[in-house]
Amino acid sequence: MTVNQNELLSALVDGELQGKELDDVLQLLNTNEQARRQLQRYQRTSDVLHDHGVSHHHIDLTDRISATLDDEVEFTTSSKNTAQIIAFPRQFWKQAASLAVAASIGALAVIGVMTQPQNQLVQVPQVASVEIETTPMIVATTGKRWTVEEQEVEERLNSYLVDHNEYAGASGVFSYARVVSYDMGQ
Amino acid sequence: MRKVLQFVLSFSAILLSFNAVANTEAMQMLERMGVVAKQLNYDGIFSYQTGNKLQSIRIIHRADDQGEVERLISLNGVAREVIRTNDMVTCIYPEGKAVQENHRPLGRGFPTDLLRRLSSAVAYYQISFGQQERVASHHTQEIVATPIDNYRYGYSLWVDKDNDLLLQSDLLDEMGNVLETFSFSSVEMGLDIPEQSLKPEMQGNAMSWDRTEYGLSAAKPVSTQQSLWQVTWLPEGFNLVTQQNRFKARNGASIEQQVYSDGLSSVSIFFEKIRARHSHLHGSSKMGAANAFGTIMNAHFITVVGEVPARTVDKMGNSIRFNGAE
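Top line first, the protein sequences correspond to chains A and B. Residues 1 to 186 (the numbering used here) make up the first sequence, in order. Residues 187 to 512 (the numbering used here) make up the second sequence, in order.
Treat each hint with caution, since some may be false.
Claimed, not checked - Here are the simulated SDA-like cross-link-like pairs (lysine to any residue), alpha carbons at most 20 Å apart as the crow flies:
(1) B:K472 x B:A496
(2) B:K459 x A:R41
(3) A:K20 x B:I460
(4) B:K347 x B:M215
(5) B:K459 x A:V25
(6) B:K472 x A:E154
(7) B:K459 x A:L17
(8) B:K472 x A:T147
(9) B:K459 x A:E154
(10) B:K472 x A:E155
(11) B:K472 x A:Q151
(12) B:K239 x A:E154
(13) B:K459 x A:L26
Unchecked claim - Example chain A residues on the side facing chain B (calculated, C-beta under 7 Å, incomplete):
(14) T147
(15) D163
(16) H164
(17) F174
(18) S181
Simulated from the structure, these hints should not be mistaken for lab results. Remember, predicted model here, so these are calculated numbers, not experimental data. Ideal Cβ placement from N, Cα and C applies to all residues, glycine included.
Just chain B, same shape as in the assembly (with noise of 0.2 Å):
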């Protein structure tokens, strides 16, 4: 019977420490997946899916010693551009406001602390390898990323596994249901990528560029300081990774953005000074599956936006309080 006790107790062991090495093993591969999207040129078509909607998109991507450029072109539907440069995001719509100009003070994302970022999520998500499919003509490797409460969603993240490019994602509800997906159906990596592919198709007699509406970008960084805003609560395992302050280019109102994250899932606060009377967002709303909640505080819009679940934007939002002089 001892002999018996002490063969499950090994056994277990043995699992339990394949099953270490399968997560460490996830987690490296989900970390190298996060650089190869900032370093790798790649061109391909992918499908967005929310609900019953379907979009295909280009996307080309290229990095090189001037840092990244990216251009996502519209396929089917209205045409539309984003191309994204180290330090601008120009968004083209054809119809109205033709071209839309944000300044990005504190450059890409998340540059630096990526891999502290995902260390930091393994808390707060069960991370496991899953299947082994073919996306886009490619052999790609699961990865899932169960959350450990209600708070924030799931992920499978379908990588290469040649050259760790993230290929398929989908975003989970709590039952497991696919809230959204991006899917590539054909990509190409590692080619050189000309300027001119990077370069707006819809250009003169296609569209007038508005750029008074929103100008070359009056948006300019002040410098960082202690926020008069507090969020008293905050999903387990989500802390402030960044803050910026800029004024708005159409109307000179200044808006604090404060970006929280458990590593995975990111959440957006704005706090908008009111500079005139305005219509605001009051309570919720969503566009596929990212959820917004909306309220004024002393003369403020303030907005939570993220990919998270309706419940986190509402509680956020209901907990912010004003620590300024009334």
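So that you can see chain A by itself, here it is in the shape it has in the complex (with noise of 0.2 Å):
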């Protein structure tokens, strides 16, 4: 690797390249293994600086927990519901499935100790219970627009989604009813 060469992929990386240098640079990277890797090492920096860090070369505890949780299954109800009149709600459950998994891979050893005792005092009375209808709702989402905060990823998510559309849904009638309704003007 030339100091010319470590130059050009240094620009690679700041976007800094046109026309032959960018031909050039990809046809050294197409046929040296070397200036793959110092791109590489040059994308993490500018990752890195631009706190960009790739999260694949971290150990984080929290994706670990995550993981795990997703993994886990959910309460889950039907249309037509058994209410009980005193019942805890559906997030206590969650909480409390939730902490003891994370004490099961020892992230939080001692939580799991202060959960024991309310896990097992948590007792949903027998009592009466009436079936009742639920009413399907339509529940609060983020609208027709993405939740990101620059227009350039915004734009790409945008584009993928024309993309994706053509593949998209149960009956390809209204696959592109989202592009259309793209809340732009926000």
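Got two chains here, separate frames each, mind docking them using the hints?
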């Protein structure tokens, strides 16, 4: 690797290359494994400098906890719910289960100990229940706009959404409704 | 006692067989719905609701020997149009970037294997008939698809009983809440649709066509090749259904798109080679019922997009591995 080649790779990461220089460095990357490794090093450095640390390269306990929680079976209800007059909210059970899982992987053992007696105390009273009809309702979502800060990111997501819509949905009738509804003016 | 037991068992068997027949009929209706959506001419107005946002959209769809042409026009808010032909999607935005044209190398969605895809969905959804209701003055039959796990959403689909066109679609979370709704308020079917109805209205002084920004699509298909990327976790029943490579019109970056589906829900993963320093999504984002997850790996922007829960795109995105040379 020459000094000039290193400079070209650095400029590529910074987005400063055009024309022949860009073609030259791409050719270099296609043929030179050392150049590809060097580019990755520059890219990582750039990511760190711009606060874009890549999550795959460090150990993050929250990722493991999150992944484990994702595998947990969630309590679900059918459209006809059996509502108990005295019952703890669903969120409580989810939190209790979440804390138990966290304890199981050793991350929050102290909290696990604290949680244990509480779990044992929780007893849903066996009381009379009534069957209620639940009416489906539109839940609050984020609306017709991606939840991102930068316009460049938003445009890329929109472009991907157009491509994805070829394969989206069960019917094909309404595939592009999200695209045409996109709230660009906000 | 023995006779009572025999009666109960027989009655249960009859109920089960009725249920199986109903499920089969619901599946058949779902299959017909998918075919009709591509073959029928229709012109109608539907609403798209997500959260507290409501959008009215006119849709004109024509199918003939030349293939499909479809035009969608937003009726409130900023005027926007999407025109879809056999090999091109044109998005017209009146402000800023006027026209975005995307070639579609592989054609319209899942063109040939719809029936097989729906058949494969049976294992991951409970498909059944729901209520009968009127939608846009048409008598419809509701088909309910309830997922087996929380990695995909459920559907309530109201299908015209006379010609099987989908007239209303609700996307449901695991609690049965509606995340978004598409619903026709009026629709005419089987009519002749003149060419003029499929041309964009926003031309001339109303807007400028910015073809240089996106060009007459510098996107060009490249041959499908073995991917260097591997998705090591997928929800049960999701399989790779298509993969395509192309070049981005604006900067020539190569993009690989992989589409995974369980038959009803689908997720696309985009691998875009970084050509210059750009910002990219890190973590999660959502728009309506669509969720996205983004990261950067091996000098590529990785983006997972789909109408599935956030946990699904996150988990798929975090399982991606690069198998090429370092």
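| task | Check each numbered hint from earlier against the structure, then list the numbers of those it violates in ascending order. | result | none
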